[in-house]
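Single-letter residue listing:
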Amino acid sequence: MSDAPTISIIDDDEFVRDALQTLVESVGYATIGFSSAEEFINSNRICDTSCLIADVQMSGMSGFDLHDWLIRNLHPIPLILLTGLPTERFKARASKSIAADLQSKPIGLERLMVCLERALNGLVKQAAG
Amino acid sequence: MRDITHAIGGAYLSAHGSRRWRQLGLHLAYNWLAGIGLAIAVGSAYFLVARLSLGLLMKPDGVAVFWPAAGISSGVLIALGSRARAFVALGAVIGTIPANLLGDRDFWATAVFALSNAGEALITAALIQRWFGAGFNLNRLRNVLGLFAAAAVGPAVSGIGGAIGYKLFHSPTVPMLTTWLHWFISDTLGIIAVAPVLIGVAAAVREPPRRSELFESFLVLALLAAMMGFIISLPVEPWQTIVPGALLFPMLLWLAARSRPVFTAAGAFMVCFTIVWTVIFGIGHFGDPSLAMSDRIFQAQAIILAVALGSLVLAALFSERRDAEERLVHSNALLKRERDNKLTNAQAIAAAIAHELKQPLTGIVASSDAAQRFLGAIPPNLERARTALEKVASAGCRAGDMLDGLRTMFGNGTQEAQLVSVNEIIQEILHSLQNEFKKHGVAVHTDLRTLLPDIRGYRSQLQEVMTNLFINANEAMSSIARQNRLLCVQTRFRDAETLSVTVDDSGPGIGADRLSSIFNAFFTTKRHGMGLGLAICRMIIEQHGGELTASSNGMGGASFRIVLPIVAATSESTA
Chain X
1 MSDAPTISII DDDEFVRDAL QTLVESVGYA TIGFSSAEEF INSNRICDTS
51 CLIADVQMSG MSGFDLHDWL IRNLHPIPLI LLTGLPTERF KARASKSIAA
101 DLQSKPIGLE RLMVCLERAL NGLVKQAAG
Chain L
1 MRDITHAIGG AYLSAHGSRR WRQLGLHLAY NWLAGIGLAI AVGSAYFLVA
51 RLSLGLLMKP DGVAVFWPAA GISSGVLIAL GSRARAFVAL GAVIGTIPAN
101 LLGDRDFWAT AVFALSNAGE ALITAALIQR WFGAGFNLNR LRNVLGLFAA
151 AAVGPAVSGI GGAIGYKLFH SPTVPMLTTW LHWFISDTLG IIAVAPVLIG
201 VAAAVREPPR RSELFESFLV LALLAAMMGF IISLPVEPWQ TIVPGALLFP
251 MLLWLAARSR PVFTAAGAFM VCFTIVWTVI FGIGHFGDPS LAMSDRIFQA
301 QAIILAVALG SLVLAALFSE RRDAEERLVH SNALLKRERD NKLTNAQAIA
351 AAIAHELKQP LTGIVASSDA AQRFLGAIPP NLERARTALE KVASAGCRAG
401 DMLDGLRTMF GNGTQEAQLV SVNEIIQEIL HSLQNEFKKH GVAVHTDLRT
451 LLPDIRGYRS QLQEVMTNLF INANEAMSSI ARQNRLLCVQ TRFRDAETLS
501 VTVDDSGPGI GADRLSSIFN AFFTTKRHGM GLGLAICRMI IEQHGGELTA
551 SSNGMGGASF RIVLPIVAAT SESTA
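Chain order of the listed sequences is X and L.
Under our numbering, the first residue of the first sequence carries the number 1, and numbering increases by one thereafter.
Under our numbering, the first residue of the second sequence carries the number 1, and numbering increases by one thereafter.
Chain X extracted, bound-state conformation (with noise of 0.2 Å):
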């Protein structure tokens, strides 16, 4: 299990960080939670982590802060986007970019699964190129 991928889950809602948490570990994954991005950033976790999953909606920096910080980094990560509020503005904003991938909440196992998996093979590719 240690050579899993571990995916870094972030929300400042305790309850969803905790139930995403627990549904990506029970597919086989390891997991770190965090409540915030400044948390995430100023963790030494950054290396470790093969993709990210966060809430767009935040108090302090938002999911999309987030995304432009990675890039502005040179961190290859890729970020999945979770928002209650799927609005035209996030969608076109994250269609412009080639690192995120906004999904709506709830989201289930199934979405989550295709999600990821697009997420850790193109990072793979990335790698590899």
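To be clear, the hints were calculated from the coordinates, so they are not data collected in a lab.
In this text, all values refer to a predicted model and were calculated from it rather than measured experimentally.
Even glycine gets a Cβ: it sits at the ideal position worked out from N, Cα and C.
There's no promise every hint is true.
To be verified - Facing chain X, according to a computed beta carbon distance under 8 Å, are these residues of chain L, among others:
1) 351
2) 355
3) 359
4) 362
5) 391
6) 418
7) 476
8) 482
Said to hold, decoys possible - Below, computed lysine to any residue pairings styled on SDA-like, alpha-carbon distance capped at 20 Å:
9) 91(X) <-> 355(L)
10) 358(L) <-> 62(X)
11) 358(L) <-> 346(L)
12) 358(L) <-> 404(L)
13) 358(L) <-> 368(L)
14) 438(L) <-> 110(X)
15) 358(L) <-> 39(X)
16) 358(L) <-> 406(L)
17) 439(L) <-> 428(L)
18) 439(L) <-> 18(X)
19) 358(L) <-> 101(X)
20) 438(L) <-> 113(X)
Following the hints, complete the assembly by docking chain L onto the known chain X.
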């Protein structure tokens, strides 16, 4: 030592005091200088116009047929207000004396006339001040009628003095009543022809007209002047009685309809003044030598009255209509904005509710899918499946709590506003959140005004607002160092009718670009139970007849300020 300090202090004070006295002295001297200047200006104008008027005297009593000088003194006094009283009266006196002495009047008659003329302006202006207060304007019908009434009363009183003066020093053959009547007509017409221009100029200085209005009005006035030149140059024919009206009325109507009253007054003044001097110098239609002088004078007086009254009334009516139209446009815009706000509020509320419900739903879906996964594993991980299912249950309860919160907030029409203490609510909520603050290392500083009166409102709603603001502040500070996290809550009397609550945090603050939109746009915080968007907080405060605003504070953080009425609160939320 103390004495020395005292002495120095005293010296300083007296030096300071003398400087103040000097300033006051300068101020007074300046005022006197300006006043004397005003008296000289009014006096000169009065003198010149009076000399013109004395060119045509009523036979046989010798009263001037027209007295526009009365309009100068009354108009300046109404325009400048009661401060100018003494100097304008002085101006009327120093204008009257040389004008009369240069004529056939003796000294004593001149003195009586000077006092009568000064008194006339004082009475007319005092009546306007009493009826309409300061800042008199001719943009309302009742103001125009008021001016005409004052212009009748002032000369009626001063006419008594004038008639006595003539009786005593000129011993005319006509009865005193005739002299009084001539004086009255000549001064009243003078006031209504001249004073409106001066009053209008003062109003235009207070509120300058637009460039386009100035341009158009001066153009029409120039046209009017040209038209009058044309009329004067026409040969004297019977058909000519109709021509001036046909040519001049459209111009005056144009001014009345499109410009403010000062320009109409200027147009009417030009017409009246032209009539006066053509009668005096025997030029054109009004100087027609084939008519008896008394007929010409009577005709001119009737036309001056009709032109002044008609055009000023028209101008006032048009002005009232323009004002009403402007108010209508303004209130329509307000109404539209109000409606848009309501829509935005409704959208924000729908979005906030959707967001709040999706949080527990996300938990339910994720946890139940995880539970299925743990149960389907070989061997099944029963322990983790059980924990995941417990989370499903608690997320379901959370969604239920949220809906309960909604019901409390929007009410079912039975809850009533009650007297609540804002300080008490703040203390309760701070108490209930103290563990939260401790966990995040937030220092709470309260500065609650004692003896703050109760307000009328809905306790649970106000609790929600306070909770929301405190949680917002708490979460906003999560990105800064623990030792710098400070929450300040302050309550104050704002004035006799309102109190204010200010919630400041030392967080990163709200960007200027977001300040205006945080209440409209979807902007929320997440926490257990019911979380309210700021849009809903603002709606609650507005339903209480207050307002909720956000700004950046001196600590670099966000500052939220609630203003609530102390006595009355609306009952809209129960309607």
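Going down the list of hints, with the structure as the test:
Residue-level restraint check for residue 351(L) holds (minimum Cβ-Cβ distance to chain X is 6 Å; threshold 8 Å). Interface restraint check: residue 355(L) against chain X, minimum CB-CB distance 4 Å, threshold 8 Å, status holds. Hint status for residue 359(L) relative to chain X: holds, with the closest Cβ pair at about 5 Å, below 8 Å. Below 8 Å, beta-carbon pairs count as interface contacts, and residue 362(L) has one with chain X at about 4 Å; its hint therefore holds.
Look at residue 391(L): its Cβ gets to within about 6 Å of chain X, closer than 8 Å, so that hint holds up. For residue 418(L), the shortest C-beta to C-beta distance to chain X is roughly 33 Å, which exceeds 8 Å, and the interface hint is violated. The interface hint given for residue 476(L) holds, since its Cβ lies 6 Å from the closest Cβ of chain X, which is under the 8 Å cut-off. Residue-level restraint check for residue 482(L) is violated (minimum Cβ-Cβ distance to chain X is 13 Å; threshold 8 Å).
Of the pairs offered as hints, the one joining residue 91(X) and residue 355(L) holds, with about 16 Å between alpha carbons and a cut-off of 20 Å not exceeded. Only pairs whose Cα atoms come within 20 Å are accepted, and residue 358(L) paired with residue 62(X) is accepted, the gap being roughly 18 Å. Of the pairs offered as hints, the one joining residue 358(L) and residue 346(L) holds, with about 18 Å between alpha carbons and a cut-off of 20 Å not exceeded. Of the supplied pair hints, the one linking residue 358(L) and residue 404(L) holds, its CA atoms being roughly 16 Å apart against a limit of 20 Å.
Between residue 358(L) and residue 368(L) the alpha-carbon distance is near 15 Å, which keeps this suggested pair within the 20 Å criterion. Only pairs whose Cα atoms come within 20 Å are accepted, and residue 438(L) paired with residue 110(X) is rejected, the gap being roughly 40 Å. The hinted pair formed by residue 358(L) and residue 39(X) fails the criterion: a straight-line CA distance of about 24 Å is larger than 20 Å. For the suggested pair residue 358(L) and residue 406(L), the alpha carbons sit about 15 Å apart, so the restraint of at most 20 Å is met.
Between the alpha carbons of residue 439(L) and residue 428(L) the distance comes to roughly 18 Å, so the proposed pair stays at or under 20 Å and holds. Distance hint between residue 439(L) and residue 18(X) is fulfilled; the C-alpha atoms sit about 19 Å from each other, no more than 20 Å. Note on residue 358(L) and residue 101(X): the hinted pairing holds, with a Cα-Cα distance of about 19 Å set against a maximum of 20 Å. The hinted pair formed by residue 438(L) and residue 113(X) fails the criterion: a straight-line CA distance of about 39 Å is larger than 20 Å.
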